[in-house]
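Using the sequences and the accompanying hints, generate a full structural model.
Protein chains in written order, with this note's numbering: chain A, 1 to 362; chain B, 1 to 112.
What the hints contain is simulated information worked out from the structure, not anything from laboratory work.
Dumping the calculated DSBU-like pairs for lysine-lysine here, alpha-carbon to alpha-carbon at most 30 Å: (1) B:Lys41 <-> A:Lys9; (2) B:Lys41 <-> B:Lys69; (3) B:Lys41 <-> B:Lys101; (4) B:Lys112 <-> B:Lys101; (5) A:Lys25 <-> B:Lys84; (6) A:Lys9 <-> A:Lys25; (7) B:Lys84 <-> B:Lys101; (8) B:Lys69 <-> B:Lys84; (9) B:Lys69 <-> A:Lys25.
This is what each chain is made of:
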Amino acid sequence: MNPQEPATKLIERYLAETGRHLPEKTRDDVLQELRGLLHEGLQERARAEGRLPDEEMAVRLVREFGEPETVAERYLPDYGYLIGPKLFPFFLFWARLVLWFVGGVLLFWFVVGLITTPSPRLPEFLRAQTFGTLLGEFIELAFLNLGLLVLVFAAIEWFTRAAAKEQAPEKDGELPDWNPRGLPEVEDPDRVPAAGLVWKVYCIVAFFILFNFFPQYVGVVFFGGGEVRAISVFQMGLHVPIFLLNVWWATALALNMWLLREGRWTYESRWAEFGLGVFGMVIAFLTLAGSSFQGADVESALRQGLSDPERILDAARRGLPWLGRVVYATLVIILLVSAIESAVRLYRLVTRNRHAAEVRST
Amino acid sequence: MKGTAQPALLDGLALELRRGAIVLAVLSQLADEQYGYSLKKLLADSGFGIDEGTLYPLLRRLESQGLLKSRWRVEDGRPRRYYKISPQGDALVRQLTEDWKELSRVMGRLLK
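Following this line, the structure appears as structure tokens:
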């Protein structure tokens with residue numbers, strides 16, 4: 001290990017913690033400057049002390065620099081703020097939670113509507129509940145709830161700031177009592193864990209084989225008439241554009257193999273991931289458009305050798321089309337969430353790269 | 001304790017006194033481009049020590065007020081943000097310098 005690595009790692013932990021309290025707009029730029037200045041300071045100390053920079057030296061340096069939230073606070077604009085750097089990470093956490101909750105509630109009601117709407121009225125339901133309608137409802141609810149959250153946090157900020165003013169003023173030259181060794185470890189957002197990738201590759205291959213060579217087992221598998229039987233989702237009325245799905249799997253497999261070799265996300269692979277997400281959404285919508293969920297073929301499937309076909313048929317007539325819709329709705333939710341997540345990750349990578357390119361070009 | 005200022009009170013007042021001069025001190029040294037660390041050393045060499053936690057955010061603030069200009073430069077493989085006074089900052093420094101000299105003259109008379 002490089003003898004300077006512990007010092008560098010501690011500085012990165014310090015920067016990461018400071019960055020959590022900075023506004024996203026200026027974060028990369030401020031951190032880039034701070035990184036340079038901290039390293040400069042570290043080298044200067046090392047020269048003065050006649051030894052290589054070590055962790056203890058970095059601890060003293062960042063301790064003198066100040067607590068991350070205090071440093072971040074000094075970088076905030078003069079015109080004040082509703083939610084300060086100390087509360088900002090908690091606000092972000094709650095804002096995300098609120099957005100997920102609002103999205104979850106809307107999707108839950110969508111799924112409930114999808115399940116409970118009688119089949120003949122399903123097209124009418126889907127015409128009323130378009131993606132645009134759901135998005136509009138989401139934006140309306142999200143604004144309302146985030147507005148309330150901002151008010152709550154602004155009130156907390158106001159009270160805590162008022163309380164802080166009553167405390168003794170900071171004395172010049174006196175170091176605040178905080179321990180840089182307690183800074184949390186930095187997670188590298190671009191590192192790709194190999195175990196997760198191997199699992200993804202396994203799933204892709206397994207689904208490819210299942211859908212292409214054993215489609216009859218994609219659905220409900222049960223024991224009846226003394227043997228293992230299955231009612232596939234295709235018999236329930238699900239129509240999957242298998243060629244497109246194969247193209248999607250092949251691309252996903254290539255992307256994951258590439259990531260496995262590289263070990264890190266890059267600009268290109270993030271774009272590819274985003275493209276795959278969009279492609280997946282297209283396949284999901286094509287699946288919806290081509291599916292009927294009538295369960296028409298279920299009867300013939302069930303009549304083949306079950307011990308009590310009438311009873312199971314009755315349950316299947318009522319239950320299986322619903323199951324098909326639940327499967328479909330779950331698929332849509334997973335694809336939508338993963339597409340949004342990959343878009344966010346891509347945006348972060350693009351802004352990070354853009355800033356690095358700006359620094360390089362000057 | 002009669003005749004001796006309380007240490008905490010003295011510290012606080014001395015800090016206030018210095019705070020008033022920081023902006024002028026910083027702006028006065030930026031006729032030539034400097035980056036944060038070199039400026040800190042320059043000020044310290046002239047006897048005006050200032051801690052990093054105060055100086056670096058101040059440079060940003062002065063830039064956002066249009067008193068400084070900045071640009072990134074890569075030196076020895078390390079990106080550094082260089083700051084230089086803007087024409088607006090230059091005009092302000094000249095005006096503040098006059099005010100400072102006047103204040104200094106007045107204070108000199110008062111403290112005689």
